[in-house]
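Novice: Single-letter residue listing:
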Amino acid sequence: MRNRYFLVVSALLLIGLLFVGCGAPDAKVIKIATQSPLSGGMSAVGTDIKNSVQLALEQLSGPLVAMGFKVELAAFDDQGNPDTGVANAKSIVSDPAILVIVGHYNSGVQIPSSEEYHAAGLANVSPANTNPKVTERGYLEVSRICGRDDVQGAVGAQFAMSKGIKSAYVLHDKTAYGQGIAEYFKRESEKLGIKVLGFAGTEEKANFDSILSPILASKPEAIYFGGMFDQAAVLFKQARQKGYMGMFLSDDGFDSSDAAKIGGAALLEGAGTYFSTVAGPAAAYPGTAKFQADFKAKFGGEPQPFAAQSYDSAAIALKAIENAAIAAGKKVPARADVAKAVRALKDFPGITGTFTFNAKGDLAKAKYFIIQVTSPDAAQWSQNKIDKILDIAPPQ
Amino acid sequence: MRRLIKSAGLREILLPLGRMAVFVLGAGALMSVVMVVLALLCRGSGADKLLLSTQNVNIVFYTMANLPQVLIDGVTIGFVYAAIALGYTMVYGVLEFINFAHSEIFAIGAFAGVEFLIIMDKIGVLATSGTYGPYLYLTLALAIGMLAAGGIAVLIERTAYRPLRGAPRLVPLISAIGVSFALQDIIRLVESLTTGQFYRVIPTFGNFDDKILLFTIQTASAPIKVDIQVKSVIVIAAAVMMLVGLNYIVNATRIGKAIRSVAQDRDTAAIMGIGVNGVIAFTFLIGGALGGAAGVLYALKFTRIDPFVGFMPGMKAFTAAVVGGIGNLTGALLGGIILGMLESFAGAYLGTFTMGNFGSEYKDIIAFLILIIVIVFRPSGLLGEQISQKA
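Protein chains in written order, with the numbering used here: chain G, 1 to 396; chain R, 397 to 787.
The hints are simulated quantities; they were obtained by calculation from the structure and are not laboratory data. Certain hints may be false.
[Unchecked claim] Cut-off 25 angstroms, straight-line C-alpha distance, at most; resulting in silico cross-link-like pairs (DMTMM-like, lysine to aspartate or glutamate): (1) G/Lys174 to R/Glu757; (2) G/Lys242 to R/Glu757; (3) R/Lys445 to G/Glu221; (4) R/Lys607 to G/Glu221; (5) G/Lys331 to G/Asp77; (6) G/Lys166 to R/Asp444; (7) G/Lys219 to R/Glu757; (8) G/Lys365 to G/Asp347.
[As the list claims (entries may be wrong)] For each label pair, taking beta carbons as the anchor points, the in silico distance ranges come out as: (9) R/Asn452 to G/Gln372: 27 to 37 angstroms; (10) R/Pro775 to G/Phe299: 51 to 61 angstroms; (11) R/Arg561 to G/Gly300: 48 to 58 angstroms; (12) R/Pro564 to G/Val29: 46 to 56 angstroms; (13) R/Thr600 to G/Gln383: 18 to 28 angstroms; (14) R/Ile570 to G/Asp391: 52 to 62 angstroms; (15) G/Ser94 to R/Ile570: 44 to 54 angstroms; (16) G/Gln380 to R/Leu436: 51 to 61 angstroms; (17) R/Leu551 to G/Asp391: 56 to 66 angstroms; (18) R/Ile519 to G/Ile392: 41 to 51 angstroms; (19) R/Leu589 to G/Glu269: 28 to 38 angstroms; (20) G/Gly270 to R/Leu589: 51 to 61 angstroms; (21) R/Arg584 to G/Gly287: 34 to 44 angstroms; (22) G/Ile392 to R/Thr524: 43 to 53 angstroms.
A quick note: this is a predicted structure, and the numbers were derived from the prediction, not measured. C-beta atoms are modelled at their ideal positions from N, C-alpha and C, and glycine is treated no differently.
This is chain G alone, in the form it adopts within the complex (with noise of 0.2 angstroms):
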């Protein structure tokens, strides 16, 4: 008995050495730090943002490796919850290769690790987070190269409006993101004149009995859901099994391919189903080509939206150290340094547009979709038909 212990406790010694050992300090290592959801019910667009950053990391990192840096990826998974986005940012302030944060994909996971970075002066730049917080908090370290959810609410509400549509039900998560995106519809909807029979959150994801009965009692010309495609795609089908064929919208969390999966056939019956986005599918950018040849051929399948702005947001971040590095003499830049080499880029051209970063981190001009699904079949989920693009700057 005596001897088994003693096998087990050497064993995992011996293990914790090997860590030990891996992480050993190299002053010449760089590294580019990944937060998104790799695991549970938006790991198909969260592990394509890791994946992205890779891919980056590998094409574009040569300016860095030729001053003799070592640039590596540090990939961690926020699991699309606060909690474990705070703790994972936490572990990430502390390892100081670590010079950039690209991530996350939930602005309710965003907006809390974010303080980690800003406390810490790390540079964040986001590739999907829309809450308008996420850049109004002023803080030099986060920026983000898509649009916010202030202006694709109100998006939404006047693409409604040229539909001709009169009354909306508004449903949103009670996360940050969709209640914050559902707020900015209903206003815009009320000022331009379209009736809102109601306004209600719900955390439910299986059975909407009880909140689709109001709902189509009052019988509204459109639903609005703000939040995510796993909870709106399944509260479509059921209305549409309940006999409802007005139109379905949503925002850019419904642009997933499993929203097709899950609701198959009824995003298409009556008369559709639309959603606004930041993140256009690949027909809307003729820069990314490349990216998505390449993308297959590494990984094996159509990237996920929110792919190829990863893929930008890590060409940004090191663009920024590798100006930052020139500027501290090719020795390894400080965090804040690269946190000002971010926001200094002019026209950065990416393979998504090119980017000029304004005061509070957002982008001078943001580009915004109106996407109509066209298929029920999930692999043609990125061949959905454009209805609108609109470049349109953030508020002050």
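Position chain R against the provided structure of chain G, taking the given hints into account.
Specialist: What follows is chain R alone, placed relative to chain G:
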């Protein structure tokens, strides 16, 4: 005829059917009356005016017009809760601990049934199975869900609970919570290794999505149709059959007698020559099978499942079991129906009555608040613990 009804077998079939009818009608009628009275009290209030301006109906009419649909939804989900609650209550009856892993047993049943249907769909037999074929496949899926869930329940009992029998009460409870977390991630692991998917969606087949029109309410603006989905009928029918079957097994068979005796006094039952381990394993088997079938029905009704699907229904079914009187089979049934109704009523009317200040997101709060009140005044549940003979 009288002798026939007096025979234990038939009585144990008719009695629970009667109880169910009484519970459903009673709870439905009571809540409808409360709701209508509330609506009458709210006449002329802000909520009433809001309804008049947006939908051109007054609050009393709105309440009445929505009642049938709300009742149907409440009964459907209530029976699902009841079927799950029986698993909790049976295990509590014989072992006096809460099997928190039951919610994952429910999820395993759902996954087994749905995976079977997905395979059948891929082969292509589902689409071409005619009118009655879908019912055959659904029955098969239910059977597979029951087998998988029952099997896992027995396995859990053997590995995680039996070694702890005789340990202080909290110990198996903690083991159960551990098993619950482990099973969630095992489902996740198996699904991601085999299918690479997190969500599974039950294939669309048969006429389950069709609606049966019950009646139409004529109103000033547009007629309100009251209908019930075929799958809701199936969920209710299947749950009723299972509940009756379980009642029959427990109250009218030899093994049922053994279960009851083990529940009363395990040691004495053992002295009387009852194989206690076997009886307990059998209890887990049927409790698990019921949970598994409920899982498949849940997936049929709500179409999408994921590895964490069991948590909320499990939590609610547990509450239902406690409210009805844990350890009491009839109580679990009553608790399930009441909880389903409360949830349905709160979800449908809360937003309207509070002018959108408290939307349907607060339905669970209202439901559980009422349940807390019930427990405060009747700590052993509405029908009381039946297993109270224990010293």
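Novice: Next step is simple, just say for each hint if it's right about the structure.
Specialist: Tested hints:
For the hint pairing G/Lys174 with R/Glu757, the CA-to-CA distance comes to about 9 angstroms; that is within 25 angstroms, so the pair holds. The suggested pairing of G/Lys242 with R/Glu757 holds, with an alpha-carbon distance near 20 angstroms, which does not exceed 25 angstroms. Using a Cα cut-off of 25 angstroms, the hinted pair R/Lys445 and G/Glu221 holds, with the two alpha carbons roughly 22 angstroms apart. The suggested pairing of R/Lys607 with G/Glu221 holds, with an alpha-carbon distance near 22 angstroms, which does not exceed 25 angstroms.
With a CA separation close to 30 angstroms, the supplied pair G/Lys331 and G/Asp77 exceeds the 25 angstroms bound. Of the supplied pair hints, the one linking G/Lys166 and R/Asp444 holds, its CA atoms being roughly 22 angstroms apart against a limit of 25 angstroms. Restraint check for G/Lys219 and R/Glu757: the C-alpha separation of about 20 angstroms stays at or below 25 angstroms, so the hint holds. Among the hinted pairs, G/Lys365 with G/Asp347 is consistent with the structure: their alpha-carbon atoms are about 11 angstroms apart, no more than 25 angstroms.
Separation of R/Asn452 from G/Gln372 is about 32 angstroms and conforms to the stated range, judged on CB atoms against 27 to 37 angstroms. Hint check: R/Pro775 to G/Phe299, Cβ distance near 57 angstroms, so the stated range 51 to 61 angstroms holds. The hinted range of 48 to 58 angstroms is satisfied by R/Arg561 and G/Gly300, whose Cβ atoms lie roughly 50 angstroms apart. The supplied range of 46 to 56 angstroms is met by R/Pro564 and G/Val29, whose beta-carbon atoms lie about 52 angstroms from each other.
For R/Thr600 and G/Gln383, the hinted distance range of 18 to 28 angstroms is satisfied, since their beta carbons lie about 22 angstroms from each other. Between R/Ile570 and G/Asp391 the CB atoms are about 57 angstroms apart, so this pair conforms to the stated range of 52 to 62 angstroms. Checked against the given bound of 44 to 54 angstroms, the beta carbons of G/Ser94 and R/Ile570, roughly 33 angstroms apart, lie outside it. Between G/Gln380 and R/Leu436 the Cβ separation comes to about 53 angstroms, which falls inside the hinted range of 51 to 61 angstroms.
At roughly 59 angstroms, the beta carbons of R/Leu551 and G/Asp391 sit within the given window of 56 to 66 angstroms. As the Cβ distance of R/Ile519 to G/Ile392 is approximately 50 angstroms, the hint placing it in 41 to 51 angstroms holds. The beta-carbon spacing between R/Leu589 and G/Glu269, approximately 35 angstroms, falls within the hinted interval of 28 to 38 angstroms. Range check, G/Gly270 to R/Leu589: Cβ separation about 38 angstroms, and the 51 to 61 angstroms hint is violated.
Under the hint 34 to 44 angstroms, the C-beta atoms of R/Arg584 and G/Gly287, about 37 angstroms apart, fit the expected range. Range check, G/Ile392 to R/Thr524: Cβ separation about 51 angstroms, and the 43 to 53 angstroms hint holds.
This entry does not satisfy hints 5, 15 and 20, going by the numbered hints stated previously.
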